[in-house]
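Using the sequences and the hints given, assemble the complete structure.
Each chain, letter by letter, is given below.
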Amino acid sequence: MRDRAFSLLPGLLGALLAWQLLSGHIFLYVHERSFWLVALSVPLLVAMSLASLRRGAKSGLTGWLLILPIAIGLLVPARPLGSEVLAGQIGGARLPIWEPRVPLSLDTSSRVWDLKQLGLLEPDDADLARRLEGQRAHLVGFVHRTQSLPPDRFLVGRFVVRCCAVDAVGISFPVRYDGAANLARDAWVEVDGSIHAATPDANTPVVDADQVRLVARPTQPYLTLP
Amino acid sequence: VLSVLSVATDRLATFATLFLGLVLEALPFLLLGVLASALIQRWVPTTLVTRLVPRSRISATALGGLLGMALPVCECGVVPLGRRLLDKGAPLPLALAFIVAGPVVNPVVLVSTWTAFGGNPGFVLGRFGLALLVAILVSLAFSLHPSWSSLLVTSTAEHSLIEGKAGVLRLATREFMDLSRYLMLGGVLAACLQTFVPRTALLALGSDTGLSVLVLMAVAVLLSVCSSVDAFVALSFAGTFNTGALMAFLLIGPLVNLKSAAMYSAVLRRPAMLVLWILCAQLIFLLGSLVNLSHA
Numbered sequence: 078m079r080d081r082a083f084s085l086l087p088g089l090l091g092a093l094l095a096w097q098l099l100s101g102h103i104f105l106y107v108h109e110r111s112f113w114l115v116a117l118s119v120p121l122l123v124a125m126s127l128a129s130l131r132r133g134a135k136s137g138l139t140g141w142l143l144i145l146p147i148a149i150g151l152l153v154p155a156r157p158l159g160s161e162v163l164a165g166q167i168g169g170a171r172l173p174i175w176e177p178r179v180p181l182s183l184d185t186s187s188r189v190w191d192l193k194q195l196g197l198l199e200p201d202d203a204d205l206a207r208r209l210e211g212q213r214a215h216l217v218g219f220v221h222r223t224q225s226l227p228p229d230r231f232l233v234g235r236f237v238v239r240c241c242a243v244d245a246v247g248i249s250f251p252v253r254y255d256g257a258a259n260l261a262r263d264a265w266v267e268v269d270g271s272i273h274a275a276t277p278d279a280n281t282p283v284v285d286a287d288q289v290r291l292v293a294r295p296t297q298p299y300l301t302l303p
Numbered sequence: 145v146l147s148v149l150s151v152a153t154d155r156l157a158t159f160a161t162l163f164l165g166l167v168l169e170a171l172p173f174l175l176l177g178v179l180a181s182a183l184i185q186r187w188v189p190t191t192l193v194t195r196l197v198p199r200s201r202i203s204a205t206a207l208g209g210l211l212g213m214a215l216p217v218c219e220c221g222v223v224p225l226g227r228r229l230l231d232k233g234a235p236l237p238l239a240l241a242f243i244v245a246g247p248v249v250n251p252v253v254l255v256s257t258w259t260a261f262g263g264n265p266g267f268v269l270g271r272f273g274l275a276l277l278v279a280i281l282v283s284l285a286f287s288l289h290p291s292w293s294s295l296l297v298t299s300t301a302e303h304s305l306i307e308g309k310a311g312v313l314r315l316a317t318r319e320f321m322d323l324s325r326y327l328m329l330g331g332v333l334a335a336c337l338q339t340f341v342p343r344t345a346l347l348a349l350g351s352d353t354g355l356s357v358l359v360l361m362a363v364a365v366l367l368s369v370c371s372s373v374d375a376f377v378a379l380s381f382a383g384t385f386n387t388g389a390l391m392a393f394l395l396i397g398p399l400v401n402l403k404s405a406a407m408y409s410a411v412l413r414r415p416a417m418l419v420l421w422i423l424c425a426q427l428i429f430l431l432g433s434l435v436n437l438s439h440a
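These protein sequence lines map, in sequence, to chains A and B. Residue numbering for the first sequence follows my numbering, starting at 78 and increasing by one per position. Residue numbering for the second sequence follows my numbering, starting at 145 and increasing by one per position.
The hints are simulated quantities; they were obtained by calculation from the structure and are not laboratory data. Remember, predicted model here, so these are calculated numbers, not experimental data. Hints are supplied without guarantee of correctness; some may be wrong.
Okay, the calculated bits of chain B under chain A, using three or more residues with CB under 8 Å as the criterion [said to hold, decoys possible]:
1. 162-172
2. 257-270
3. 312-326
4. 329-338
5. 379-393
Every beta carbon over 12 Å from chain B, so not counted as near; a handful from chain A, in silico [claimed, not checked]:
6. Arg-207
7. Gly-211
8. Arg-213
9. Val-217
10. Leu-226
11. Pro-227
12. Arg-253
13. Asp-269
14. Ser-271
15. His-273
16. Ala-274
17. Asp-287
18. Ala-293
Glycine is no exception: its CB is placed at the ideal position from the N, C-alpha and C atoms.
See below:
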């Protein structure tokens with residue numbers, strides 16, 4: 078009986094994957110290109126269960142660890158990484174694998190900067206604020222705050238993934254907005270504005286918001302790199 | 145109380161997202177690995193390989209290392225296949241090079257490493273080349289033994305996983321059930337480290353040239369994650385540990401780990417097994433540290 082129950086685990090895992098795929102929750106965990114790989118796993122897992130159901134599958138106690146993703150997937154509400162993780166990453170080092178392969182150009186004055194472009198810029202560049210001065214920005218991300226920020230500012234944050242949530246690197250950009258204090262942490266916002274040097278630190282650029290709108294969390298909450 | 149509850153809920157949600165991210169990304173590769181392994185164990189005759197064995201020690205060692213490229217099996221499939229090669233009369237250097245390099249240089253592992261590290265060719269080629277180098281050096285060292293057959297355990301009927309009437313799917317299921325536990329343990333540890341250990345603490349540890357290599361080598365040995373998915377676990381350390389430590393994790397994990405000990409003891413006598421592991425560990429530590437120094 079126990080062996081038969083054990084042989085059901087791959088099938089149950091397959092059912093969980095199918096649910097994640099259909100609900101779109103899969104994008105909270107993996108890069109969009111992995112969608113089909115995960116989808117192909119579903120029939121295989123179900124077939125494995127069916128193949129071993131008659132004889133049952135033997136396993137020791139640790140074999141039941143396979144129940145973990147099923148239990149966690151069912152019991153813990155699906156949520157993308159948010160400001161709690163971003164807080165732990167700010168100030169952390171980035172490894173060379175995270176360097177953008179093609180340096181982003183700063184010489185096109187007509188461009189509208191998005192969060193990915195701004196987030197991947199070198200923050201220690203002393204000349205950055207001057208070069209970005211007056212350029213337009215359109216940012217979509219979640220609200221994040223740090224204790225050092227003045228009350229009229231917040232950070233728009235987002236995670237960039239190359240593979241899945243475990244390699245997510247948080248990026249953020251400061252926004253100056255009078256209603257900043259009223260925005261809830263982790264609320265998703267769309268910000269339009271122009272980039273100016275911040276005060277008192279003139280080397281730090283900040284987006285002066287013309288408009289901040291609350292929006293629904295996107296289906297794919299993470300930005301991706303190829 | 146409410147704020148403590150809120151922090152706990154946030155942490156739990158973060159842990160769940162990281163754990164499921166790692167498991168869902170790795171699962172297709174684990175399935176592919178066990179399916180390929182089952183197909184090979186069932187349908188590819190070992191005699192096909194042994195017929196082509198060169199006489200020269202160096203050529204045999206190189207062939208053994210490269211053989212892994214054609215046989216997409218992780219360490220759990222490699223050891224029984226290596227044992228089968230020895231039974232069919234293959235020389236020890238060939239079988240040993242296959243056992244050491246096979247879990248890393250095979251296509252499933254290289255594709256999963258490529259996927260995990262965002263198509264970084266340096267990382268994939270580095271893993272491939274260094275694994276091959278370790279396999280060839282260690283196998284050549286063993287081939288210098290005057291009577292290498294004395295290092296082997298006498299073959300028994302039980303050693304092989306290839307026999308049996310079970311269909312390919314049942315064989316794959318058995319291997320999947322056996323290996324998935326290590327993926328789960330690896331996922332829990334990786335998610336816990338990222339969720340509960342302050343990044344600054346990990347950064348201090350992970351940026352030291354030698355210590356970082358030693359730490360991730362120990363983690364790999366304890367975790368025993370299957371080589372077809374270990375790149376995803378390594379990826380979770382990529383934000384905090386340096387390149388040499390990540391490379392050492394990916395090189396030693398498939399070779400020296402808790403789950404493989406029992407399988408190795410079906411091929412090599414215990415002293416020979418210990419010498420193999422110590423040699424590999426020393427080489428990998430050296431290579432990992434050199435990688436770090438070259439990136440400094």
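Q: State the violated hints by number, sorted upward, taking the hints as numbered earlier in the document.
A: Structure breaks no hint.
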